[in-house]
Amino acid sequence: MRQESAVASGWPPFPATEAVSPVGRPKLTAGESSSAHREVGSMSLMFLHGRFLPVEEATVPFLDRGYLFGDGVYEVYRLYGGRPFARELHVDRFYASCSGISLEVPGTRQELVGILDRIEAHAPARSYIYFHLTRGPAPRLHAWPDACNPALAVMAVELGPVPETWYRRGVAVITYEDIRWARCRVKSLNLLPNCMAMSEARARGAAEVLFVNREGFVTESATASAFAVIGGYLRTAPLTFNILPGVTRHLVLESARESGLPVRESAFTLEELQEASEVFITNTPFEILPVAVIDDRPVRGPGPMTRELMRGMARRVEEETGHPAQCSVALG
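Start counting the sequence shown at 44; every next residue gets the next number (our numbering).
In short, the hints are calculated from the structure, not lab data.
The beta carbon of each residue, even a glycine, is placed where N, CA and C say it ideally should be.
Some hints could be false.
Label-pair distances were calculated between CB atoms; the ranges are [to be verified]: (1) Glu308 with Arg358: 18 to 28 Å; (2) Gln317 with Ala164: 46 to 56 Å; (3) Gly125 with Arg257: 14 to 24 Å; (4) Gly375 with Tyr138: 32 to 42 Å; (5) Ala139 with Arg94: 22 to 32 Å; (6) Glu207 with Arg340: 18 to 28 Å; (7) Glu361 with Pro149: 10 to 20 Å; (8) Glu297 with Arg94: 12 to 22 Å.
All chains, please: the whole structure from these sequences, using the hints.
Set out below in structure tokens:
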């Protein structure tokens, strides 16, 4: 069965322009909203079923458990000028996610890195590498068989441009009930709740969502980690709070502590968030993105702590890849 989109990451490239409402709220136009949820640019070579092939020739067996059940995990890392950033941390997390669902990675780590190297060599300069592992084809039963043939897929996806004003002024987000499963530390292929939330955000002209759990605490975003400056402290939910161990989250916390910023890994409520002096989200594609509006209510936008962390991220990207970070546009 032909299924070219089955290896898509679900993380959007970004729209090329921005519309602003009369009250100054950053919004997506209908065209931008659509383009933010589709892949752009070159995806000429990928790895699937043990071989390299043009993406147009990729097929997925109907009985693959990833296709039938979402039984698998995925990972994404960024290229700057064709050079990978924080790849080892992402590969570490990939193995941890596989372990979390008792999924054995075929071959050695060195062999996986060799596949990634080859895909990188054919990737656009400004892109991300997406790879996932499913449990492979098997009869359609909920319990997986004792013997499986896991299927690895790897591809590069070119990133669309991000409006500079998103970094300089911030973006609009909405809050959304956190209805995801209880093991979000696993980067699972099961992303339907995230897709539902992001579709609601798109319909309301927002760039992202902030998940709020049943106890009223902010957990994270559909595609990112969430941070807020509250009472002078940089706060983010702890890893024990059913969130993904974000790689960019880890780097931001590391940078904050190195810079002497006051940090608390403690969850905050929606009410506390409304009193925050700064709010931002972090992930691999857009690094550090300030938030300017939450549920149609303006917040203060990027502040001194956000900019200090942007500077730290820009330094790290430059040191590791020799190319500028995307968020550096807000620092000029």
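Results for each hint:
At about 23 Å, the beta-carbon gap between Glu308 and Arg358 stays in the expected band of 18 to 28 Å. Range check, Gln317 to Ala164: Cβ separation about 47 Å, and the 46 to 56 Å hint holds. For Gly125 and Arg257, the hinted distance range of 14 to 24 Å is not satisfied, since their beta carbons lie about 44 Å from each other. As the Cβ distance of Gly375 to Tyr138 is approximately 38 Å, the hint placing it in 32 to 42 Å holds.
In this structure, Ala139 and Arg94 meet the distance hint of 22 to 32 Å, their C-beta atoms being roughly 27 Å apart. Hint check: Glu207 to Arg340, Cβ distance near 24 Å, so the stated range 18 to 28 Å holds. Glu361 and Pro149 have their C-beta atoms about 36 Å apart, which leaves the hinted 10 to 20 Å range violated. Between Glu297 and Arg94, the C-beta spacing of about 38 Å breaks the proposed range 12 to 22 Å.
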